[in-house]
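Chemist: Going down the list, the protein sequences come from chains A and B.
Numbering follows numbering that gives the first Met the number 0, in which position 441 of the first sequence is assigned residue number 440; successive positions increment by one, without gaps.
Numbering follows numbering that gives the first Met the number 0, in which position 221 of the second sequence is assigned residue number 220; successive positions increment by one, without gaps.
Just so you know, the hints here were simulated from the structure itself, not pulled from any lab data.
Any given hint could turn out to be false.
Just so you know, same-sequence chains aren't split out, so a pair can sit in one copy or run between any two.
List time: in silico DMTMM-like cross-link candidates among lysine to aspartate or glutamate, alpha-carbon distance up to 25 angstroms [stated by the list, open to error]:
1. Lys155 with Glu104
2. Lys443 with Glu217
3. Lys117 with Asp137
4. Lys63 with Glu433
5. Lys97 with Glu354
6. Lys155 with Glu283
7. Lys19 with Asp255
8. Lys443 with Glu433
9. Lys332 with Glu34
10. Lys59 with Asp309
11. Lys117 with Glu217
12. Lys155 with Glu238
13. Lys443 with Asp428
14. Lys335 with Asp424
15. Lys155 with Glu217
16. Lys332 with Asp358
17. Lys443 with Glu174
18. Lys97 with Asp350
19. Lys97 with Glu409
20. Lys59 with Glu433
21. Lys19 with Asp96
22. Lys117 with Glu207
23. Lys335 with Glu11
24. Lys155 with Glu312
Each chain is listed here by its residues.
Number of protein chains: 2
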Amino acid sequence: MSIVSHSSTIDELRQALGDKVSVNQTMREHHSKDESFHLATLPDAVVYATCTEDVATTLKICNKNRTPVVAFGAGTSLEGNSTPIYGGVSLDVSQMDKVLRISQEDLDCTLQPGVRRKQLNEILATHGLFFPVDPGADATLGGMAATGASGTTTVKYGAMKQLVMSLTVVTPNGEVITTSRRARKTSAGYDLTHLFVGSEGTLGVITELNLRVFGIPEVIAAATMQFPSLRSAVDGVIEVIQYGIGVARIELLDSDAVSAVNKYSDTNLPEQTLLLMEFHGSAESTAIDIAATREVLERHGGSGFVQTTDEAERRKLWQARHDTSLACRSLVKNAKNFATDVCVPISRLSDCIEETQADLVASQLFGPIIGHVGDGNFHVVLSVDPEDHPMVERMEQFHSRLVERALAMEGTCTGEHGIGMGKIDYLVDELGNEAVGVMATIKKALDPNGIMNPGKIIAGTFF
Amino acid sequence: MSIVSHSSTIDELRQALGDKVSVNQTMREHHSKDESFHLATLPDAVVYATCTEDVATTLKICNKNRTPVVAFGAGTSLEGNSTPIYGGVSLDVSQMDKVLRISQEDLDCTLQPGVRRKQLNEILATHGLFFPVDPGADATLGGMAATGASGTTTVKYGAMKQLVMSLTVVTPNGEVITTSRRARKTSAGYDLTHLFVGSEGTLGVITELNLRVFGIPEVIAAATMQFPSLRSAVDGVIEVIQYGIGVARIELLDSDAVSAVNKYSDTNLPEQTLLLMEFHGSAESTAIDIAATREVLERHGGSGFVQTTDEAERRKLWQARHDTSLACRSLVKNAKNFATDVCVPISRLSDCIEETQADLVASQLFGPIIGHVGDGNFHVVLSVDPEDHPMVERMEQFHSRLVERALAMEGTCTGEHGIGMGKIDYLVDELGNEAVGVMATIKKALDPNGIMNPGKIIAGTFF
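Model the full assembly from the supplied sequences, consistent with the hints where possible.
Modeler: Here is the structure:
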């Protein structure tokens with residue numbers, strides 16, 4: 000629901016962009032929400048941009064009329080990041096879905112923001128290349144950059160922060176800037192690339208990305224191992240990382256998560272604390288990495304080592320991991336997922352998870368835990384019926400305590416989902432009024448009319 | 000020379016900070032320049048800060064009085080980055096030189112900005128750890144972060160941009176902010192860490208850094224190989240990187256550079272295009288990496304493979320590489336070094352270097368070339384007598400053409416030295432008025448009185 004009328008904006012957009020502007024109810028509903036628990040809100044109109052100029056035209060008109068603009072990709076975000084809470088225009092870039100250039104020599108690619116992760120990797124594969132960031136969902140790359148996403152391979156390859164080399168961005172006044180050259184490194188001026196990565200559409204709209212890519216490894220081997228306790232698994236992972244052993248993925252599932260996965264995905268994994276791993280390299284180097292990892296983990300009590308290089312088996316394993324939230328949701332009637340996303344220094348990860356598990360029991364909540372353990376990031380997959388108000392309240396209180404716990408351990412409220420509308424209050428708890436004040440100063444300077452995704456990241460940004 | 004009088008500022012600083020404020024001529028001269036060709040300019044006073052509060056006190060007083068403040072570490076920058084061109088206060092943080100915390104489990108360390116690179120690595124070594132960024136000079140870590148420095152190991156470990164996890168910064172109004180928590184990753188709000196990395200003291204003063212560190216590898220092996228041509232060496236490196244072979248350093252020297260190094264450092268390297276390499280890992284993994292690298296490079300015409308794991312030999316080799324600029328300077332009477340720093344996509348590196356070599360000949364300039372070839376970054380080490388005005392003019396024209404050439408190849412004017420006062424005009428050529436306009440908007444919003452290192456990065460920033 001919009002708090003102001005934007006009919007003249009819509010008229011002007013129609014004159015400039017014709018059929019690309021829609022006020023169809025179904026279209027507006029599709030753009031009213033993401034995959035999160037947060038309330039849906041309708042935009043007044045949807046603009047389907049097909050090029051950077053469409054985006055610039057939209058922003059110029061909206062800026063003049065002070066109409067909110069929220070960029071929209073695949074709608075897979077988890078904190079209401081793309082929900083138009085003040086109405087206005089949902090600027091859909093999903094039709095800007097071309098990969099514009101791939102360079103095998105420079106190991107980079109240039110693409111439009113609506114390209115999705117799986118589509119990108121299918122195209123890159125024909126060149127022997129891949130893009131590693133894997134948040135699970137088949138998100139758009141523009142959305143992944145705007146959210147500062149990461150995922151299961153971040154322990155080896157880094158997050159979007161590390162792999163976005165340059166962005167073309169339309170600023171709120173409709174100017175088009177490119178944040179960096181295509182050279183692998185630069186120290187030329189302020190790092191605008193990183194300012195826009197993770198800015199969740201509050202400073203401008205990304206219309207082109209240049210990303211680092213990697214050669215597809217000769218060998219990709221997956222492996223699993225079970226542990227007598229959470230702490231033994233985490234201690235093992237800490238040591239693997241200390242030794243610099245090349246793990247490409249190292250994911251933790253607690254026994255509840257394994258049990259949910261087994262039921263949902265027809266897998267037969269041991270229902271204990273489990274590590275799912277992947278190794279990338281040559282036949283020789285992966286053999287060395289696997290042997291070293293196994294040795295370290297067995298010393299920490301790991302057992303039942305199983306390994307596969309079969310692609311179908313490997314894909315099934317990771318699909319099962321990615322389907323954890325669906326698996327958990329299927330266990331509770333009318334459930335929606337509420338994803339927590341704290342990340343702590345790895346030395347505190349066992350403490351944080353153990354205290355959280357005890358809190359789950361005390362709170363009478365069912366919350367399997369999955370973790371990007373190499374990064375210290377874990378999710379409690381809470382499945383709650385939104386109509387069950389006592390349970391929703393218990394969940395919200397549990398979540399507040401979880402964030403407090405993570406912050407007390409020098410952690411963050413969000414490792415990879417962003418602040419969106421769901422974690423605005425925690426941002427101040429995490430970084431303090433002064434640091435958030437610096438963010439607000441930047442926001443106000445670059446978007447003086449407050450049109451870009453108002454109400455996200457920083458409170459009170461609908462001026 | 001200051002353009003305004005700052006005597007009342009100095010009085011106030013003395014009242015607040017006592018003996019930490021100096022107007023001694025020798026001290027002021029020491030803070031008037033860096034290691035570059037650029038003209039020296041005296042600050043009106045030097046403040047020796049010993050803690051974050053001293054920095055905050057200094058900024059508050061200077062901001063009130065609109066007195067310029069330029070942070071100063073080791074003075075090893077190469078673009079006049081720390082030269083107080085409008086006078087005011089040189090804020091020396093070199094006495095803030097404590098390592099505050101080292102975590103083996105989290106592989107990070109927290110330190111004050113005046114800690115120098117070699118000092119840090121001596122301390123880290125007692126914990127079995129090291130910090131890889133190696134720009135050659137024994138710079139302070141605060142200066143390296145502010146400059147966005149990188150160096151010979153960036154091909155494997157990344158630049159300061161990748162390895163600074165969080166910063167404590169004093170903003171121009173004297174507020175103290177910490178840009179991020181100590182968790183390994185976060186997507187909480189705007190990436191202030193990266194905004195300050197590379198901002199060259201124009202937005203605030205860094206008073207604490209949290210850095211990623213790594214375990215010292217079991218084996219460190221250095222190797223050299225010579226090539227019949229520059230292009231054959233670069234093509235070989237491109238293939239090594241495409242295959243994802245783990246090289247920790249891969250540095251190119253042209254024959255002029257090798258010859259200068261041999262004379263200066265008493266080495267006996269073959270005076271041809273040369274690659275200097277280093278491999279980090281276990282005994283097994285480095286053996287695999289070395290064999291794979293050698294095979295690829297031999298296929299591209301590389302020969303004379305020599306390898307050593309002896310620490311003294313290895314150190315001598317890298318010291319010789321780092322002394323290239325001294326070596327070149329020693330060949331020209333009364334010479335000063337003028338360092339170029341372009342960086343291009345690696346696919347264009349051979350073209351860029353070959354055209355540059357031809358231009359050197361046409362310009363009657365002596366300029367050995369050394370390159371961080373894995374990153375596409377190279378330096379022409381120009382040694383010029385500043386009193387030889389015709390040569391200085393030829394050098395300046397050559398440098399303009401070099402930057403134009405790099406920009407035409409999608410490169411940057413500076414891979415690692417920063418913009419400082421030397422490359423301000425090129426920044427606009429590189430990124431355009433609109434992108435530099437966004438930088439200027441941020442600068443003006445965060446430093447409305449323009450006190451922070453005025454005249455650097457963005458033209459006209461002494462408001």
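Chemist: Against each hint, give a clear statement of whether it holds in the structure.
Modeler: Hint check results:
no. : hint               : result
1   : Lys155 with Glu104 : both (21 angstroms within a copy, 17 angstroms between copies)
2   : Lys443 with Glu217 : neither (49 angstroms within a copy, 50 angstroms between copies)
3   : Lys117 with Asp137 : within (6 angstroms within a copy, 45 angstroms between copies)
4   : Lys63 with Glu433  : between (31 angstroms within a copy, 19 angstroms between copies)
5   : Lys97 with Glu354  : neither (46 angstroms within a copy, 34 angstroms between copies)
6   : Lys155 with Glu283 : both (18 angstroms within a copy, 20 angstroms between copies)
7   : Lys19 with Asp255  : neither (46 angstroms within a copy, 60 angstroms between copies)
8   : Lys443 with Glu433 : both (15 angstroms within a copy, 17 angstroms between copies)
9   : Lys332 with Glu34  : within (18 angstroms within a copy, 69 angstroms between copies)
10  : Lys59 with Asp309  : neither (52 angstroms within a copy, 63 angstroms between copies)
11  : Lys117 with Glu217 : within (20 angstroms within a copy, 38 angstroms between copies)
12  : Lys155 with Glu238 : both (15 angstroms within a copy, 21 angstroms between copies)
13  : Lys443 with Asp428 : within (21 angstroms within a copy, 27 angstroms between copies)
14  : Lys335 with Asp424 : within (22 angstroms within a copy, 55 angstroms between copies)
15  : Lys155 with Glu217 : both (16 angstroms within a copy, 20 angstroms between copies)
16  : Lys332 with Asp358 : within (22 angstroms within a copy, 74 angstroms between copies)
17  : Lys443 with Glu174 : both (17 angstroms within a copy, 19 angstroms between copies)
18  : Lys97 with Asp350  : neither (45 angstroms within a copy, 29 angstroms between copies)
19  : Lys97 with Glu409  : between (41 angstroms within a copy, 21 angstroms between copies)
20  : Lys59 with Glu433  : between (31 angstroms within a copy, 15 angstroms between copies)
21  : Lys19 with Asp96   : within (16 angstroms within a copy, 59 angstroms between copies)
22  : Lys117 with Glu207 : within (18 angstroms within a copy, 40 angstroms between copies)
23  : Lys335 with Glu11  : neither (39 angstroms within a copy, 61 angstroms between copies)
24  : Lys155 with Glu312 : within (22 angstroms within a copy, 32 angstroms between copies)
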